[in-house]
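Number of protein chains: 2
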Amino acid sequence: MNILYDERLDGPLPQVNKAELLKDLQRALPDLDVLWREDELKPYECDGLSAYRTTPMLVALPRRLEQVQTLLKLCHQKNVPVVARGAGTGLSGGALPLEQGLLLVMARFNNILHIDPAARTARVQPGVRNLAISQAAAPFGLYYAPDPSSQIACSIGGNVAENAGGVHCLKYGLTVHNLLKIEVLTIEGERLTLGSDALDSAGFDLLALFTGSEGLLGIITEVTVKLLPKPQVAKVLLASFDSVEKAGRAVAEIIAAGIIPGGLEMMDNLAIRAAEDFIHAGYPVDAEAILLCELDGVEADVHDDCQRVREVMTEAGATEVRQARDEAERVRFWAGRKNAFPAIGRLSPDYYCMDGTIPRRELPGVLQGIARLSEEYGLRVANVFHAGDGNMHPLILFDANQPGELHRAEALGGKILELCVQVGGSITGEHGVGREKINQMCAQFNNDELSLFHAVKAAFDPQGLLNPGKNIPTLHRCAEFGAMHIHAGQLPFPELERF
Amino acid sequence: MNILYDERLDGPLPQVNKAELLKDLQRALPDLDVLWREDELKPYECDGLSAYRTTPMLVALPRRLEQVQTLLKLCHQKNVPVVARGAGTGLSGGALPLEQGLLLVMARFNNILHIDPAARTARVQPGVRNLAISQAAAPFGLYYAPDPSSQIACSIGGNVAENAGGVHCLKYGLTVHNLLKIEVLTIEGERLTLGSDALDSAGFDLLALFTGSEGLLGIITEVTVKLLPKPQVAKVLLASFDSVEKAGRAVAEIIAAGIIPGGLEMMDNLAIRAAEDFIHAGYPVDAEAILLCELDGVEADVHDDCQRVREVMTEAGATEVRQARDEAERVRFWAGRKNAFPAIGRLSPDYYCMDGTIPRRELPGVLQGIARLSEEYGLRVANVFHAGDGNMHPLILFDANQPGELHRAEALGGKILELCVQVGGSITGEHGVGREKINQMCAQFNNDELSLFHAVKAAFDPQGLLNPGKNIPTLHRCAEFGAMHIHAGQLPFPELERF
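So the protein sequences, as listed, match chains Y and C. In my numbering, each number is its position in the first sequence, counted from 1, plus 9. In my numbering, each number is its position in the second sequence, counted from 1, plus 9.
The following block holds chain Y by itself, in its conformation from the complex:
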């Protein structure tokens, strides 16, 4: 799908000789598994954003830290670009490989090293799956809070690299809020510890800087996360609305009432019907929008909050508010939401999932704006998202076999993200920038800000070998892409009024 992506705008990459690199690797690390045959490389040509595909030059599958260290030193010395990959579930093409580079797969580092129930921490290797941490912590009544939809498969190293979120991040924060310490290797093979076992650490906050840096600053080799006690009770309310604007207002009013739900999700009519057809969750198919609001904590507290949320929703115009009667119904309500993406996949040959974040107060206006853009571009858009934190996931439906639709879908996606920037939001909530949103970074940041990103990148990786062409665009790209930096509140797009 990368019609709008022109990789020449990222500047020249070093030329690497495949046979020579393979020989060097085999000599330096005779016991390292390296894939080099075309058929072996195939499974690694994309991550979760399957529209973008590139065959990597070589794939390395190390098992030991020393292997990674030697490999990085070699690549640094020979000027070979390196792309790190965890489970490959990312949705912005952050782990998209390079034809002229090595793909470093960290999936085999999958040991849980230590669970400390008293300190409520888990020290794990980067290839450990997100859900596996919670499973290992469960016997102590603890869990790891961030829960991306891919949590069965995605790895914690990738979660850190992308600063992953999930349906509970309104209350429990993104990955960065749930980390204590990471161990990383620089491109020169130096081992660094960022953060500490204590709650604060001295010097610059490189742990936060590294989190969400999408593989541009170094390779994550160990992660210490915070664990939380499992809430005693969780209850879910399902509210129906006859307009998305009313549902949007209800979201703002729940938060303004001082309630912080464990999860607060919105779906519009297209998404509701798709999910209901697929999962039979019991959703009201005539509603223009529904809200799912989970309240968790101790029994009495949850009971009170349910009452208050019910009142706020009703005042905001909910036509019906239902509380899941039992655990089975609660799980069914969530199953509809969690399977909304594949459900929509059944409506259309292709879909394209966006990930913009906006201030909550802008929800109704941005939803209107998306509807207008949808009409203008002649493509349906379903809205399913983390309403509580203003993290939208518009899903653009298209058919890649229809001439021009692919191109239109990508252009529409770009416009939606630029709309998010325009109202003071961000082009990414939890999926990262990767390759996908590299052009929109030019709308989000001005040249001074981008230059600063490049200077910070150069502090870690002066040769630019780590994941080039992702996350931070070159100034050349932004000049060619032609998008001016959008100041929030300005109106660079004449077709979009201020709502």
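To be clear, the hints were calculated from the coordinates, so they are not data collected in a lab. Glycine included, each C-beta is placed from N, C-alpha and C at the ideal position. One or more hints might be untrue.
Derived lysine-lysine pairs resembling BS3-like cross-links, with alpha carbons at most 30 angstroms apart [what the hints assert, rightly or not]: (1) K180/Y - K424/C; (2) K190/Y - K190/C; (3) K347/Y - K424/Y; (4) K180/Y - K190/C; (5) K190/Y - K180/C; (6) K244/C - K235/Y; (7) K190/Y - K239/Y; (8) K180/Y - K180/C; (9) K244/Y - K239/C.
The following label-pair restraints were derived from C-beta to C-beta distances [claimed, not checked]: (10) H463/C - T64/Y: 38 to 46 angstroms; (11) A147/C - D457/Y: 33 to 41 angstroms; (12) V242/C - E385/Y: 50 to 58 angstroms; (13) R200/Y - E75/C: 41 to 49 angstroms; (14) L70/C - D457/Y: 23 to 31 angstroms; (15) P23/C - R200/Y: 30 to 38 angstroms; (16) G326/Y - R73/C: 29 to 37 angstroms; (17) P351/C - R200/Y: 40 to 48 angstroms; (18) R200/Y - Q472/C: 24 to 32 angstroms; (19) P351/Y - R117/C: 52 to 60 angstroms; (20) A344/Y - D295/C: 58 to 66 angstroms; (21) A409/Y - N120/C: 47 to 55 angstroms; (22) P351/Y - R73/C: 52 to 60 angstroms; (23) R200/Y - H289/C: 47 to 55 angstroms.
Given chain Y's structure and the hints, the job is docking chain C onto it.
Just chain C now, kept in the frame of chain Y:
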């Protein structure tokens, strides 16, 4: 007190001609208030760490952003070091001025620009006092959570620069966890926006990097903070113990029980007696240690938590657990804690307040270690601290008029911080590194890590003009200081066993 501090170890600073700089400033900014007479400069020669004093060359007191911008451009062009200062309440000498530099006082930027009750945010100028934000938010039932002891006086710009904490940061986080967005000026006078009004932002997390960077990366000109709804109820328990180890264990067990108190503070016998003599808070003067545990939230929840905390404390060996009977007693219990520093000031001509953070499980051992060091150095140490988050504030009592005591106090302080590093902790919890702990940074970080800090610093300020000699030591300093980097768990200090 800076006997152990030798500023020659920070490398040469540019030589600045005072008369020339004054003339340049007056020409470029005729309406800028600049102080230059010896008697006018006097009040600015130190911050809250009054043991370190230097007379600034000039003090600038701008009122408008453009003035700051022009001033920075001029200093950048003329190679003049700049130290920023908010309210000057910092405890690590971060705002200590330079004889060869300009002190930039941001105190006059003291307007609250916007309170948004629906989004629960406040946009303020950097000179606004911490408490003034909560006061402005109070009519909406909201407040700003981080509450350093100096909250009546300290400014939000300084809070961001130092990543300030407070008695409630166990539950509500440090400053970095309560920020959405900041506006800054680089040393070149460029305006940057870091963070966004949305919950996540794209690119590297420069907002977190900037928070706690102690004036080394740029000048904060605007701050958007998150506001929280005021808890319905707050109750305080006061528990007495016959040993500090038992109190330390109780802390670990409260947290392990899955309870997150609003505040969880410990005081040892010396601190208890000092506070009781001064404030008459009703503390048990015979106890070896007390814990103050505040539980906040909705009524029913707080009631349950009080019961559970009481049980846990009793099991951990509390000899008595009292709940404040009414709001007046609750306030009195806290008044003792909040005035513990001045109370100890009455016991001794001088005291030196440390700020180390350790993993909670190390509390009993580190308290023993401090007791042994106290004996070895022949100086009394009182312990008053944020026990819940392992943030210790040992207070070293000494008399600067007794030959050698000043020197011994500083040396003892350094040893206590190195002990914190040794058990996996940090040399700062919430006060920052500043000038005070610059030597201990050599114990906390290895040369690779320090080099990375320098590279990041250079990305923002290649000439090193912003607050030189603070926060990040030169490699030369670390080599001369002679302290090797301490890996947590190693035993570089033969006089300290592993507890």
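Violations among the numbered hints, reported as their numbers in ascending order: 1 and 16
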